[in-house]
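Since the structure of chain A is provided, determine the placement of chain B on it from the hints.
As you go down the protein sequences, you meet chains A and B in turn. Residue numbering for the first sequence follows my numbering, starting at 1 and increasing by one per position. Residue numbering for the second sequence follows my numbering, starting at 1001 and increasing by one per position.
Check each hint, because a few of them may be wrong.
Said to hold, decoys possible - In the SDA-like style, the derived pairs of lysine to any residue whose C-alpha atoms are separated by at most 20 Å in a straight line are:
hint	chain 1	residue 1	chain 2	residue 2
1	B	LYS1274	B	PRO1098
2	B	LYS1061	B	PRO1098
3	B	LYS1221	B	PRO1240
4	B	LYS1061	B	MET1027
5	B	LYS1274	B	GLU1047
6	B	LYS1061	B	GLU1047
7	B	LYS1274	A	ASP254
8	B	LYS1274	B	GLY1086
9	B	LYS1061	B	PHE1024
10	B	LYS1061	B	LEU1071
11	B	LYS1274	A	GLN242
12	B	LYS1274	B	PRO1088
13	B	LYS1274	A	GLY238
14	B	LYS1061	B	VAL1081
15	B	LYS1274	B	LEU1097
16	B	LYS1221	B	ASN1211
17	B	LYS1061	B	ASP1078
18	B	LYS1274	A	PRO156
19	B	LYS1274	B	MET1027
20	B	LYS1274	A	ALA107
21	B	LYS1061	B	LEU1097
22	B	LYS1274	A	ALA193
23	B	LYS1274	A	GLY155
24	B	LYS1274	A	ARG256
To be verified - Now the stretches of chain B that chain A is said to cover, found in silico as 3 or more residues with beta-carbon under 8 Å:
hint	region
25	1074 to 1088
26	1124 to 1134
27	1232 to 1239
If you're looking for bench data, these hints aren't it; they were derived computationally from the structure. For glycine and all other residues, C-beta sits at the position ideal for the given N, C-alpha and C.
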Amino acid sequence: MSTAIEAPALGSSFEAAAIPPRRRTIAQLARTFPLAASGLIAIVLLIGAAVFAPFIAPYDPASQPGPRFGSPSREFLMGTDNLGRDVFSRVIYGARASMFVGMTAVAIALVIGGFFGIVAAYHLGYLDTAIMGIMDILFSFPPLILILAVSAALGPSLSTATLVIGLVYSPRFARIARGPALAVMQEQYVEAARVVGVSSWRIILRHLLPNVAAPLIILTSLSVSTAILTEATLSFLGLGVQPPTPSWGVMLSDARTYMIISPWVAIFPGAAIMIAVLAFNLLGDDLRDALDPRLGTL
Amino acid sequence: MRRYFFRRVILLLPTLLGVSIIAFLIMHLIPGDVVDAMIGTEANLSEESRETLQRVLGVDKPIARQYVDWLTALLQGDLGVSLISGSPVVDELMRGLPVTIELAIVSSLIAIVLGVPLGVISAVHRRGWLDGATRILGLAGLSMPNFWLGILLLLAASRWFNWSPKLIYVSFWDNPAENLSQMLLPSIALSVGFMAVVMRMTRSSMLEVLNQDFIRTARAKGLRESAVVARHGLRNALIPVITIAGIQFAYLLGGAVVIEQIFGLPGLGWILMKGIMQRDFPIVQGGVMFITLAFMVVNLGVDLIYARLDPRISYS
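With the rest of the complex left out, here is chain A (with noise of 0.2 Å):
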């Protein structure tokens, strides 16, 4: 089951290096798990679609080269919308949006909300409640209408729902983080290594980071997920990506108008938005029945 991740109970990486970890091919490992086999996949797809969608559009997506409200057709695979528009084409540049948006903020998270957790684990004392305690408040608002508000105040845009969305979701990585990275701060290899005069960052990013990489790694890819719903349900608002930048939950709101005319308008950018975060979900599923299966299937 555990291919990457050393139990934590055998201590120093020196001791899971001597036992060779058992190689399996890709194929082994998408048949044992085929969830997470799909996710990555269309994960693939998806990052695909948003680098090479010039070479994949068959059109501008700001061109109009069809009639208004066309029906889906062999030139235009998903319709057209009210202003003539390829929806297919637009669907594609609307990957950029997602995927930038939902996987860099939740690198932000992860560098912020994982440095933090395990420096608070690690220094303990009035550092550590300082720095929970922040984290407790950013967690106690609903994180919707936390990221609505600035968002707005900010002035909305891409990368003002990348950073809001990303400090928003920090205080959860720090919470995960901090747990295992106190569990390990109990262990006698590390007193040992204290003893002995290893510096702070060396046990940090020798001892602590290596344990408390499954939690987090597991915790990324979800988070990925609920990040690009949220990044479309602020652009539907109106309150995320700005026309004329192609992005779903754009889409999706301006089809609100004109959608019982074309019901295709609502229909392919919606399920778009739902394949990106099923897929990370997929990823993020099977990576937590693999990884670590005390945290259970939530």
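Frame of chain A, contents of chain B only:
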């Protein structure tokens, strides 16, 4: 229990203070002057009326002073006055509260009534096709954007039933039938993600409980399997489910913004969004504080219920 309760409430105070500082500061994140942001830069405002406006908003004083004034008023239940309607912010929010709470209650009911049995079925048939199907259903429910579901439901309702949401909200006490028909679709849209969470929690909690020794004992003494599952299994498995359902309920208080927007329901989220769009800062500031307070109260309640239900937790 009483001591535990008071301790929890007292421990909440510093967090509350921090929350109030952040809620207060949000308005000050606006680049430039609040007055400029409010009236737009193109409007030509005389220096005199500008100063009057600053005085009315209280932004002519130093920021620390403004915060203390705001907090003092807040403690007396005063969140200021709406810049648009002129009525007290608290009154506006109290009008929205019942709508949001009703929405949260109806969607919680749907989610629990469907989610718990599905989770039990999934756990009892572990690794069977029923389990596989419900697990995929659960993941799909988690991944479904509720506003997309809301839009699809609206689309279906208008296409096939020629139904569209009423523009005017009717309260439950005025016309229960009309009110519930307004609440049904938004509640379904909100309940799907909630149901998925409840279902997954029920499943994993059931799986854990069904592995316990007392379940083996119950089977060994010849109890029917249905009695084992319901009376011995589910009763013990429900404790974490209640906790997670409570947390989800709290999220709904602040998470129904988009659904309220789509269905035109004048709840808390709707009021907050209107405040944001109209640059009605006291509403935004007060709304964030109010919704967060409600969120914290529900979360505290969940913790207390959990401590009460699980005899293993000592609340000394």
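Status of each hint after checking the structure:
1. Taken as a hint, the LYS1274(B) and PRO1098(B) pair is honoured in the structure, with Cα atoms around 17 Å apart against an allowance of 20 Å.
2. Taken as a hint, the LYS1061(B) and PRO1098(B) pair is broken in the structure, with Cα atoms around 36 Å apart against an allowance of 20 Å.
3. For the hint pairing LYS1221(B) with PRO1240(B), the CA-to-CA distance comes to about 27 Å; that exceeds 20 Å, so the pair is violated.
4. For the suggested pair LYS1061(B) and MET1027(B), the alpha carbons sit about 15 Å apart, so the restraint of at most 20 Å is met.
5. A hinted pair counts as satisfied when its Cα atoms are at most 20 Å apart, and LYS1274(B) with GLU1047(B) does not qualify at roughly 29 Å.
6. Proposed proximity of LYS1061(B) and GLU1047(B) is supported: the alpha carbons are some 17 Å apart, at most 20 Å.
7. Between LYS1274(B) and ASP254(A) the alpha-carbon distance is near 18 Å, which keeps this suggested pair within the 20 Å criterion.
8. Note on LYS1274(B) and GLY1086(B): the hinted pairing holds, with a Cα-Cα distance of about 14 Å set against a maximum of 20 Å.
9. With a C-alpha separation of about 14 Å, the suggested pair LYS1061(B) and PHE1024(B) falls inside the 20 Å cut-off, and the hint holds.
10. Only pairs whose Cα atoms come within 20 Å are accepted, and LYS1061(B) paired with LEU1071(B) is accepted, the gap being roughly 15 Å.
11. Proximity of LYS1274(B) to GLN242(A) is assessed by CA-CA distance (about 19 Å); at most 20 Å being required, the pair is judged to hold.
12. A C-alpha spacing of about 15 Å is found between LYS1274(B) and PRO1088(B), which places the hinted pair at or below 20 Å, so the restraint holds.
13. A hinted pair counts as satisfied when its Cα atoms are at most 20 Å apart, and LYS1274(B) with GLY238(A) qualifies at roughly 12 Å.
14. Between LYS1061(B) and VAL1081(B) the alpha-carbon distance is near 18 Å, which keeps this suggested pair within the 20 Å criterion.
15. Between LYS1274(B) and LEU1097(B) the CA atoms are separated by roughly 15 Å; this keeps the pair inside 20 Å, and the hint holds.
16. Simply put, LYS1221(B) and ASN1211(B) have alpha-carbon atoms about 16 Å apart, close enough for the 20 Å limit, and the pair holds.
17. Proposed proximity of LYS1061(B) and ASP1078(B) is supported: the alpha carbons are some 19 Å apart, at most 20 Å.
18. Simply put, LYS1274(B) and PRO156(A) have alpha-carbon atoms about 16 Å apart, close enough for the 20 Å limit, and the pair holds.
19. With a C-alpha separation of about 15 Å, the suggested pairing of LYS1274(B) with MET1027(B) holds against the 20 Å cut-off.
20. For the suggested pair LYS1274(B) and ALA107(A), the alpha carbons sit about 32 Å apart, so the restraint of at most 20 Å is broken.
21. Straight-line distance between C-alpha atoms of LYS1061(B) and LEU1097(B) comes to about 32 Å, which puts the hinted pair past the 20 Å bound.
22. With a CA separation close to 57 Å, the supplied pair LYS1274(B) and ALA193(A) exceeds the 20 Å bound.
23. At roughly 16 Å between alpha-carbon atoms, LYS1274(B) and GLY155(A) fall within 20 Å of each other, so this suggested pair holds.
24. A C-alpha spacing of about 18 Å is found between LYS1274(B) and ARG256(A), which places the hinted pair at or below 20 Å, so the restraint holds.
25. Using a Cβ-Cβ cut-off of 8 Å, 0 residues of the region 1074 to 1088 of chain B lie near chain A, which falls short of the minimum of three, so the contact claim is violated.
26. Only residues whose beta carbon comes within less than 8 Å of a beta carbon in chain A count, and the region 1124 to 1134 of chain B has 0; fewer than three means the coverage is violated.
27. With a cut-off of 8 Å between beta carbons, the region 1232 to 1239 of chain B has 0 residues touching chain A; three or more are needed, and the interface restraint is violated.
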